[in-house]
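Undergrad: Chain by chain, the residues:
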Amino acid sequence: MDLVATVIDGILLGGLYALFASGLSLIFGVMRLVNIAHGDLIVLAAFIAMIVIDHFGVHPLVSLVLVVPFMALLGYGLQRGIFNRALDSDILRPVLVSFGVSVFLQNALLQAFSADSRRLQAGNLETLHFDLPGGVAVGVLPCLMFMVALVVIGGLQLLLYRTELGRAFRSVSDDQQTAQLMGINHAHLFGLAMALSLAIVSVAGVFLGIRGNFDPSIGPTRMIFACEAIIIGGLGDLWGTLVGGVILGIAQTLGARINPGYQILAGHLVFLAILTLRPQGFFAKIR
Amino acid sequence: MRSNGSLLEARVLTAFYGDFQALFDVDFRIERNETVAIIGSNGAGKSTLLKSITGLVRTKAEAIYFDGEAIGGKPAYRIVEQGISMVPEGRCLFPSLSVEENLAIGAYSKRQGPWNLEAVYEVFPMLKEKRIVPATALSGGQQQMVAIGRALMANPRLLLCDEISLGLAPVIIKEIYAQLERISAEGTTLVIVEQDIKRAMAVSDHVYCIREGRVVLEGRPRDLGREEITKAYFGM
Numbered sequence: 336m337d338l339v340a341t342v343i344d345g346i347l348l349g350g351l352y353a354l355f356a357s358g359l360s361l362i363f364g365v366m367r368l369v370n371i372a373h374g375d376l377i378v379l380a381a382f383i384a385m386i387v388i389d390h391f392g393v394h395p396l397v398s399l400v401l402v403v404p405f406m407a408l409l410g411y412g413l414q415r416g417i418f419n420r421a422l423d424s425d426i427l428r429p430v431l432v433s434f435g436v437s438v439f440l441q442n443a444l445l446q447a448f449s450a451d452s453r454r455l456q457a458g459n460l461e462t463l464h465f466d467l468p469g470g471v472a473v474g475v476l477p478c479l480m481f482m483v484a485l486v487v488i489g490g491l492q493l494l495l496y497r498t499e500l501g502r503a504f505r506s507v508s509d510d511q512q513t514a515q516l517m518g519i520n521h522a523h524l525f526g527l528a529m530a531l532s533l534a535i536v537s538v539a540g541v542f543l544g545i546r547g548n549f550d551p552s553i554g555p556t557r558m559i560f561a562c563e564a565i566i567i568g569g570l571g572d573l574w575g576t577l578v579g580g581v582i583l584g585i586a587q588t589l590g591a592r593i594n595p596g597y598q599i600l601a602g603h604l605v606f607l608a609i610l611t612l613r614p615q616g617f618f619a620k621i622r
Numbered sequence: 026m027r028s029n030g031s032l033l034e035a036r037v038l039t040a041f042y043g044d045f046q047a048l049f050d051v052d053f054r055i056e057r058n059e060t061v062a063i064i065g066s067n068g069a070g071k072s073t074l075l076k077s078i079t080g081l082v083r084t085k086a087e088a089i090y091f092d093g094e095a096i097g098g099k100p101a102y103r104i105v106e107q108g109i110s111m112v113p114e115g116r117c118l119f120p121s122l123s124v125e126e127n128l129a130i131g132a133y134s135k136r137q138g139p140w141n142l143e144a145v146y147e148v149f150p151m152l153k154e155k156r157i158v159p160a161t162a163l164s165g166g167q168q169q170m171v172a173i174g175r176a177l178m179a180n181p182r183l184l185l186c187d188e189i190s191l192g193l194a195p196v197i198i199k200e201i202y203a204q205l206e207r208i209s210a211e212g213t214t215l216v217i218v219e220q221d222i223k224r225a226m227a228v229s230d231h232v233y234c235i236r237e238g239r240v241v242l243e244g245r246p247r248d249l250g251r252e253e254i255t256k257a258y259f260g261m
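Going down the list, the sequences are from chains A and B.
Read left to right, the first sequence gives residues 336 to 622 (the numbering used here).
Read left to right, the second sequence gives residues 26 to 261 (the numbering used here).
Excised from the complex, chain A in its bound form:
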């Protein structure tokens, strides 16, 4: 039964990794930008939530009412003010710019909040659980994270394949120049994509803060988990990203079961194995 519980924990942890990854996947899909600062933006969202919670005394999930629009606006501004200027040139420059944003964010957060570990207090939600047949205890918070991941990815799929905005995202992704001939302002559209990405990042950041400790230095590791989930699932497929997150989550929880020190290493090993055997991932749409 322990093994079943471990696998279930891994599956649910995959939901959090899918949340980390889906915003990154959207940005890569729309504008072919690997946003190195993505993990730091998740941590920034957690700190913003902490400020909102401290100021208004609300539950972390309620803080999203303010954190989501704030991060979305920040995303739009960041894209229009910084990333778009780099995107018109070669493929390396936007990556370097996002690296610069990552370094800036880490140092700014360190300056503003120190290196101390923080946590978002969510009361009973942190410990609530229910029992499956056979006595396997499942936490409500991991289930909630997984369900939110399903809703976010399902919502993104609907947006991309059932709305005019989604059509515009896909057409810009295919061919920026021709998309302009359709009347699409790609600079504005990229801004909207980043706004959407950071709205999702807000949710991921709040769950990150509820689930465990965070400090200004942990962004790059979250970014790596997100990248691994995307690559395992296959570039360009959001449901694939969820599967990638789940595989990574299971690998980590199984690794931790063998030895707590192996948790992260086990995830990276499985990633490396999949990268070697199936470099395009499981459901790749972008080659």
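These are computed hints drawn from the structure, not numbers from a lab.
Glycine included, C-beta positions come from ideal geometry on N, C-alpha and C.
There could be a bad hint or two in this list.
As the list claims (entries may be wrong) - Some chain B residues judged to face chain A by a derived CB distance under 8 Å, without partners named: (1) PHE41; (2) GLY43; (3) GLY97; (4) MET111; (5) SER121; (6) SER134.
Said to hold, decoys possible - Derived DEER-like restraints, expressed as beta-carbon distance ranges: (7) B:ALA162 x A:GLY470: 49 to 55 Å; (8) B:PRO159 x A:ASP389: 20 to 26 Å; (9) B:THR39 x A:ASP423: 17 to 23 Å; (10) A:ARG367 x B:LYS223: 41 to 47 Å; (11) A:VAL438 x B:GLN204: 34 to 40 Å; (12) A:GLY435 x B:LEU249: 57 to 63 Å.
What the hints assert, rightly or not - Residues on chain B that point at chain A, a partial pick, calculated with CB under 8 Å: (13) TYR42; (14) LEU81; (15) VAL82; (16) ALA86; (17) ALA101; (18) PRO113; (19) CYS117; (20) PRO120; (21) GLU125; (22) GLU126; (23) ALA129; (24) TYR133; (25) ASN180; (26) LEU191; (27) LEU193; (28) ALA194.
For this one, chain A is given, so just place chain B on it according to the hints.
TA: Structure of chain B alone, referenced to chain A:
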């Protein structure tokens, strides 16, 4: 003598790709409801002229006037809103979009007019049967129909067609040109870039020949002699 109230007028138009100058002081006019053909060999500057008009290649503000308003230097998405659409060379359909989605994205600018999905399907009926198929899975001729339909969905006053017969079978080219005549008859002004001189002369009211980035000959097809055109086209 042509009227001063032209739909589009380019004055001393120059265009650059970095340091490379592709157009040199081009003067160019399109009257309302006429069909203009631009002929010239590969690399002459025909596509650059169309890209300058649509804003894909930046020009000086006063270099291009559309319906009396300076549009040079405006971004491409603004120029579409003003009523200029282009069928790009090589069609450039969006591979991740179906036929119907490709057509629908053409209406992104929300310009009002007679063209909508039903109107396009009436002109190209086979597209309706293939509407859920990925656009790039169609034959070359059908893809060209999607590209033309997509441009029409923006309800343009001026439709620019860049090398639409390239790589297509003669029977398909004939069919597409027949539909272009119908589109023209319904009030859309056309500019056709074409390497097939004979076809260009047959469908147009006015012809411009471009060589090495300069207009080297212009006139009504019936006023231009074969030898004169050959000399202008090949520069010998």
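Undergrad: Now look at each hint and say whether the structure bears it out.
TA: Hint check results:
1. PHE41: violated (16 Å)
2. GLY43: This hint is violated: B:GLY43 lies away from chain A, its Cβ roughly 13 Å from the closest one there, beyond 8 Å.
3. GLY97: violated (16 Å)
4. MET111: holds (5 Å)
5. SER121: holds (5 Å)
6. SER134: holds (3 Å)
7. B:ALA162 x A:GLY470: 49 to 55 Å: Given about 53 Å between the Cβ atoms, the range holds.
8. B:PRO159 x A:ASP389: 20 to 26 Å: violated (51 Å)
9. B:THR39 x A:ASP423: 17 to 23 Å: Distance hint for B:THR39, A:ASP423 holds at roughly 22 Å.
10. A:ARG367 x B:LYS223: 41 to 47 Å: About 43 Å separates the Cβ atoms of A:ARG367 and B:LYS223, which means 41 to 47 Å holds.
11. A:VAL438 x B:GLN204: 34 to 40 Å: violated (57 Å)
12. A:GLY435 x B:LEU249: 57 to 63 Å: holds (59 Å)
13. TYR42: violated (13 Å)
14. LEU81: holds (6 Å)
15. VAL82: Status violated, d = 11 Å.
16. ALA86: violated (18 Å)
17. ALA101: Constraint on B:ALA101 satisfied, holds at 4 Å.
18. PRO113: Where the cut-off is 8 Å and the nearest Cβ of chain A is about 6 Å from B:PRO113, the hint holds.
19. CYS117: holds (4 Å)
20. PRO120: holds (6 Å)
21. GLU125: violated (10 Å)
22. GLU126: OK, holds: B:GLU126 within 8 Å of chain A, min 5 Å.
23. ALA129: holds (7 Å)
24. TYR133: holds (5 Å)
25. ASN180: violated (11 Å)
26. LEU191: At 16 Å from the nearest chain A Cβ, B:LEU191 fails the 8 Å test, so the hint is violated.
27. LEU193: violated (19 Å)
28. ALA194: Since the shortest Cβ distance to chain A is 24 Å, the answer is violated.
Checked against the numbered hints above, the structure breaks hints 1, 2, 3, 8, 11, 13, 15, 16, 21, 25, 26, 27, 28 and satisfies the rest.
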